[in-house]
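Engineer: Could you put together the complete structure from these sequences and hints?
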Amino acid sequence: MTNWPDLLTRHHAAAQADSGYEPIFGDPASPESIADVESKIGLPLPAELKDLYLRVDGYGLQMEPESMISPWFIVPTSEISDFVSAHRGTFADTHRSLSDRFIPFIDWANGDSMGYIYDRDGNLIDGLHMFMHELYRYDPEQEPDEFIRSFEGSLADFLEP
Numbered sequence: 001m002t003n004w005p006d007l008l009t010r011h012h013a014a015a016q017a018d019s020g021y022e023p024i025f026g027d028p029a030s031p032e033s034i035a036d037v038e039s040k041i042g043l044p045l046p047a048e049l050k051d052l053y054l055r056v057d058g059y060g061l062q063m064e065p066e067s068m069i070s071p072w073f074i075v076p077t078s079e080i081s082d083f084v085s086a087h088r089g090t091f092a093d094t095h096r097s098l099s100d101r102f103i104p105f106i107d108w109a110n111g112d113s114m115g116y117i118y119d120r121d122g123n124l125i126d127g128l129h130m131f132m133h134e135l136y137r138y139d140p141e142q143e144p145d146e147f148i149r150s151f152e153g154s155l156a157d158f159l160e161p
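Under full-length UniProt numbering, the sequence shown has 64 at position 64, and the numbering climbs by one with no breaks.
To be clear, the hints were calculated from the coordinates, so they are not data collected in a lab. Beta carbons: idealized from backbone N, C-alpha and C, even for Gly. Just to be clear, a hint being listed does not mean it is correct.
[As the list claims (entries may be wrong)] DEER-style ranges, computed between Cβ atoms:
#	residue 1	residue 2	range
1	Ser154	Gly42	16 to 26 Å
2	Pro140	Asp6	41 to 51 Å
3	Pro31	Ser70	21 to 31 Å
Structural biologist: Written as structure tokens, this is what we have:
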């Protein structure tokens, strides 16, 4: 079992060492809030993400109150259904089947997002997958691998400094 608070603290120390921002960690999510998220997004959260949320419900940077961007890198359950909907909506008109199977939960704060994708049979595809909005052309003929990049490994692997 992953020690999420420790891993996120180490990730912050490595990734944000020079940022000047302190990390913020959400209090653990309840099983009920996770079930509510799953109901709203129409897919089960993968076990690894559930485990993270049960220990830390969101991780980000302590921003100034007047900041125009979200402080969350890992979006908390209280905001995840809106986040998923917004990022799915970006490419839903041209790639509906793919967008419906995408569960973004990492906010890169630049229009890109990262998360999990289920295959058409409802099986979780290994790794994490990043939607890169700059590469998306609003073209139904565009191949998904032109705007979705994959990271092989688990979320814990991805966060490991």
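Engineer: Please flag the earlier hints that this structure goes against, numbers listed from lowest up.
Structural biologist: The structure breaks none of the hints.
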